[in-house]
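*Asks:* What follows is the residue order along each chain.
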Amino acid sequence: MKTSFRTIALVFGREFRAYFATPLAAVFLLVFLALSAGLAFFAGGFFERGQADLGPFFAWHPWLFLILMPAIGMRLWADERRSGVIELLMTLPVRAHEVVIGKFLAGWAFTAVALVLTMSFWLVTLYLGSPDNGIVVASYIGSFLMAGAFLAISACISAMTKNQVIAFILAAIVSFLLVMSGTNLVLAALRGWAPAFVVDLVQSLSFITNFDRLTRGVLEAPAVILFLSTIVLALWINVQVVDAKKAA
Amino acid sequence: MQLVQASGLVKTFSRLRAVDGVSLEVSRGEVVGFLGPNGAGKSTTMKMLTGFLEPDAGTASIAGHDVFADPIAARRHLGYLPEGAPAYGDMTVADFLAFVGRMRGLSNAVLGERLAEMVERVNLAAVWNRPIDALSKGFKRRVGIAQALIHDPEVLILDEPTDGLDPNQKHDMRELISAIAPGKAIVISTHILEEVEAICSRVVIIAEGKVVADATPAALLDAAAVDGQRPTLETVFRSITGSKAA
Ligand SMILES: Nc1ncnc2c1ncn2[C@@H]1O[C@H](COP(=O)(O)OP(=O)(O)O)[C@@H](O)[C@H]1O
Ligand SMILES: [Mg+2]
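Protein chains in written order, with my numbering: chain X, 1 to 248; chain V, 1 to 246.
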C-alpha cells in the first residue's frame with residue numbers, strides 16, 4: 001500500500017489546528033479535567049483512601065472516554081460530508097487511508113493534550129506521598145491506548161453520516177457496549193445460557209477488564225494488542241466506508 | 001489526445017436515473033458550457049468526471065489517465081470547483097489555499113509563487129487573512145476558484161462558478177476564466193445563458209440525464225434559425241429542454 005507521509009502530516013496538521021479554531025477545545029479540556037478530578041476526588045474516594053495513588057482517577061476513564069471520544073471523533077468525517085468539503089478533499093491526489101490516518105492521529109494527539117493536562121494530579125500525589133510511578137506510567141499508556149480505540153470507532157462511525165449528532169450517539173452506544181461487556185451485569189446475563197467460550201470471548205474483549213489490567217501496572221501484551229487491533233480494524237473499516245460512499 | 005474524455009456515463013440513485021449515458025470530449029483550448037435545467041444531471045456528471053462518484057457504467061479520463069484505474073495521476077491534472085464552493089470555514093484564505101497547494105504536492109517555493117499569483121489574479125488581497133466563514137458569497141466562490149487553480153492544472157471542472165454572484169462579480173469571473181483558458185480544457189456548468197455566449201467555445205446541453213445538444217453556440221443558433229433569423233440562446237435552450245427550463 002503506497003503511502004505519502006507528507007499527506008498524513010498535512011491532514012494531521014490541519015485537523016489538529018481545527019480543534020483549537022473554536023473555544024470548544026478549551027471547553028472540552030476543562031470539562032475533561034473537571035470531570036476526571038471531580039469523579040476521582042468525590043466519587044472515587046481519593047482522599048478517604050489515604051493513599052497517594054491515582055487508581056480512583058484512572059478507574060473512571062472508560063466511562064469518561066465513552067462520551068468524550070465520540071465528542072472528539074464525531075466531526076472528523078460527518079462535518080466534511082455536511083459542508084461538501086469531502087468532495088474537494090477526495091478529489092485531491094491523495095489516498096483515502098492517508099486522510100483517515102491523518103484525521104485519527106489529530107484526534108488522538110488532542111486526547112494526548114487532555115491526558116498531559118491531568119498529569120497535574122500526578123504531581124499532587126507526588127507531593128502527598130510516594131505513588132508507584134511505574135503503575136502511573138502504565139496507566140497513562142493504557143488510558144491513551146483505550147482512548148485511541150474509542151476514537152477510531154468514533155471516527156469510523158462519523159464517516160457513515162453527515163450528521164454529527166447521529167455520529168456521536170451511535171459511537172457512544174458502541175463504546176458503551178464495549179465497556180459494559182466486561183461488567184458482571186452482562187457476564188451474569190450471558191452465563192445463564194451462552195457457552196463458556198462465548199462468555200470468555202466477551203470478557204476478553206471488554207475494554208474495562210483490559211484497561212484494569214493495565215492500571216495494575218503491568219503492560220500486558222493481550223490488553224495492548226486488543227486496543228491496538230481495535231484501532232487498526234476501525235480505521236480499516238473507516239477507509240472502506242469512505243471508498244464505498246463513492247458508489248452511493 | 002482529449003484532455004477530458006468520458007463515454008457512456010450512467011448513474012442511478014435508488015430509482016432515479018440521474019445521468020443516462022453521457023459522453024463528452026474536451027480538448028486543449030476549449031471552454032465547454034455544460035447547460036441544463038436544475039436536476040438535469042450536471043453536478044452528478046461532474047462528480048463522475050472528477051472521480052468523486054463512481055459511475056454505474058461508462059468511463060472517464062483526465063489527461064489520458066482513467067479517473068478510477070489511476071485516480072492519483074488523473075487528479076494531478078485536475079482542478080475542481082464542487083457545487084457550492086465548499087471550503088474549510090475555520091481556516092483563513094491564505095491557510096486554506098496553502099493547505100490545498102501542499103496537498104497537491106507543491107514545494108514551498110512554487111507554492112509561494114502560486115499564492116502570490118492567486119492574490120493577484122483572483123483578487124483576494126482584501127480577505128487574505130480572514131477566516132473563510134466570515135466571507136461574502138462572492139469571495140467564497142473566488143476562494144473556490146483559486147483552490148482549483150493553485151497547481152495550474154490542464155483541466156478545470158467548475159460547477160456553477162458564478163452562482164450567487166452579483167453582475168460585477170460575474171463579469172470578473174468570466175474575465176478570469178477567459179484569461180486562463182488558453183492551454184487548458186475547461187468545463188463550466190451553469191444555467192445562465194449569457195455566460196455561455198460570453199466565454200464558451202462549445203455548448204453541451206443535457207436534460208434528464210441525456211446529452212441533447214453538443215455544438216458551438218453559433219452552430220446551435222444557426223440550426224434553430226428561421227428565415228435566416230437567429231433565435232436567442234434562451235429560446236433554443238427552452239425548446240430543447242422543455243418549457244420548465246431557464
Ligand atoms: N446523492 C443523491 N442521492 C439521490 N439523488 C440524487 C443525489 N444526487 C443527485 N440526485 C438527483 O439526481 C438528479 C440530478 O442532480 P444533479 O446532478 O445535482 O443536477 P444538476 O446539477 O443538473 O442540477 C436530481 O434529480 C437530483 O435530485
Ligand atoms: Mg448542480
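In short, the hints are calculated from the structure, not lab data. Honestly, I wouldn't trust all of these hints.
Stated by the list, open to error - If you only want the chain V side, here are some residues facing chain X, beta carbon under 7 angstroms, derived:
(1) E54
(2) Y80
(3) P82
(4) D90
(5) T92
(6) A126
(7) W128
(8) R130
(9) R230
(10) P231
Said to hold, decoys possible - Residues of chain X clear of chain V, computed beta-carbon distances all greater than 10 angstroms:
(11) F28
(12) M90
(13) R216
(14) W236
As the list claims (entries may be wrong) - Simulated crosslink set (EDC-like; lysine to aspartate or glutamate; CA at most 16 angstroms straight-line):
(15) V:K137 / V:E113
(16) X:K2 / V:D70
(17) V:K137 / V:E117
(18) V:K210 / V:D56
(19) X:K245 / V:E54
(20) V:K137 / V:E83
(21) X:K246 / V:E25
(22) X:K162 / X:D79
(23) V:K184 / V:D133
(24) V:K184 / V:E83
(25) X:K246 / V:D166
(26) X:K245 / X:D132
(27) X:K245 / V:E25
We put the beta carbon where it would ideally sit given N, CA and C, even for glycine.
*Asks:* Does each hint hold? Answer for all of them.
*Replies:* Status of the hints after comparison with the structure:
Given hint, E54 (chain V) at the interface with chain X, holds; its Cβ is 5 angstroms from that chain's nearest Cβ, closer than 7 angstroms. Using the Cβ-Cβ criterion of 7 angstroms, the hint placing Y80 (chain V) at the interface with chain X is satisfied: the shortest such distance is roughly 5 angstroms. Given the 7 angstroms rule on beta carbons, the hint for P82 (chain V) holds: about 4 angstroms separates it from the nearest Cβ of chain X. Hint status for D90 (chain V) relative to chain X: holds, with the closest Cβ pair at about 4 angstroms, below 7 angstroms.
Against a cut-off of 7 angstroms between C-beta atoms, the interface hint on T92 (chain V) is violated, since the closest Cβ of chain X lies about 10 angstroms away. Contact between A126 (chain V) and chain X, as hinted, is not supported at the beta carbon level, the nearest pair being about 22 angstroms apart and thus beyond 7 angstroms. For W128 (chain V), the shortest C-beta to C-beta distance to chain X is roughly 17 angstroms, which exceeds 7 angstroms, and the interface hint is violated. The interface hint given for R130 (chain V) is violated, since its Cβ lies 13 angstroms from the closest Cβ of chain X, which is over the 7 angstroms cut-off.
Contact between R230 (chain V) and chain X, as hinted, is not supported at the beta carbon level, the nearest pair being about 38 angstroms apart and thus beyond 7 angstroms. Interface restraint check for P231 (chain V): the shortest CB-CB distance to chain X comes to about 37 angstroms, outside 7 angstroms, so the restraint is violated. Non-interface call for F28 (chain X) relative to chain V: holds, since the shortest CB-CB distance, roughly 15 angstroms, exceeds 10 angstroms. A beta-carbon of chain V comes within 10 angstroms of the beta-carbon of M90 (chain X); the shortest separation is about 6 angstroms.
Here R216 (chain X) stays apart from chain V, with its beta-carbon at least about 42 angstroms from theirs, past the 10 angstroms limit. Here W236 (chain X) stays apart from chain V, with its beta-carbon at least about 19 angstroms from theirs, past the 10 angstroms limit. With a CA separation close to 26 angstroms, the supplied pair K137 (chain V) and E113 (chain V) exceeds the 16 angstroms bound. A C-alpha spacing of about 13 angstroms is found between K2 (chain X) and D70 (chain V), which places the hinted pair at or below 16 angstroms, so the restraint holds.
Straight-line distance between C-alpha atoms of K137 (chain V) and E117 (chain V) comes to about 21 angstroms, which puts the hinted pair past the 16 angstroms bound. Distance check on the hinted pair: K210 (chain V) and D56 (chain V) sit about 15 angstroms apart at the alpha-carbon level, within 16 angstroms; holds. For the suggested pair K245 (chain X) and E54 (chain V), the alpha carbons sit about 9 angstroms apart, so the restraint of at most 16 angstroms is met. Restraint check for K137 (chain V) and E83 (chain V): satisfied, since their Cα atoms lie roughly 13 angstroms apart, inside the 16 angstroms limit.
Among the hinted pairs, K246 (chain X) with E25 (chain V) is inconsistent with the structure: their alpha-carbon atoms are about 23 angstroms apart, more than 16 angstroms. Between K162 (chain X) and D79 (chain X) the CA atoms are separated by roughly 6 angstroms; this keeps the pair inside 16 angstroms, and the hint holds. With a CA separation close to 31 angstroms, the supplied pair K184 (chain V) and D133 (chain V) exceeds the 16 angstroms bound. As the CA atoms of K184 (chain V) and E83 (chain V) are separated by approximately 21 angstroms, the hinted pair breaks the 16 angstroms bound.
The straight-line distance between the Cα atoms of K246 (chain X) and D166 (chain V) is roughly 34 angstroms, outside the 16 angstroms bound, and the hint therefore fails. Of the supplied pair hints, the one linking K245 (chain X) and D132 (chain X) is violated, its CA atoms being roughly 49 angstroms apart against a limit of 16 angstroms. Taking the CA atoms of K245 (chain X) and E25 (chain V), the gap is about 27 angstroms. The hint is violated against a cut of 16 angstroms.
Hints 5, 6, 7, 8, 9, 10, 12, 15, 17, 21, 23, 24, 25, 26 and 27 from the list above are not met by this structure, while the remaining hints are.
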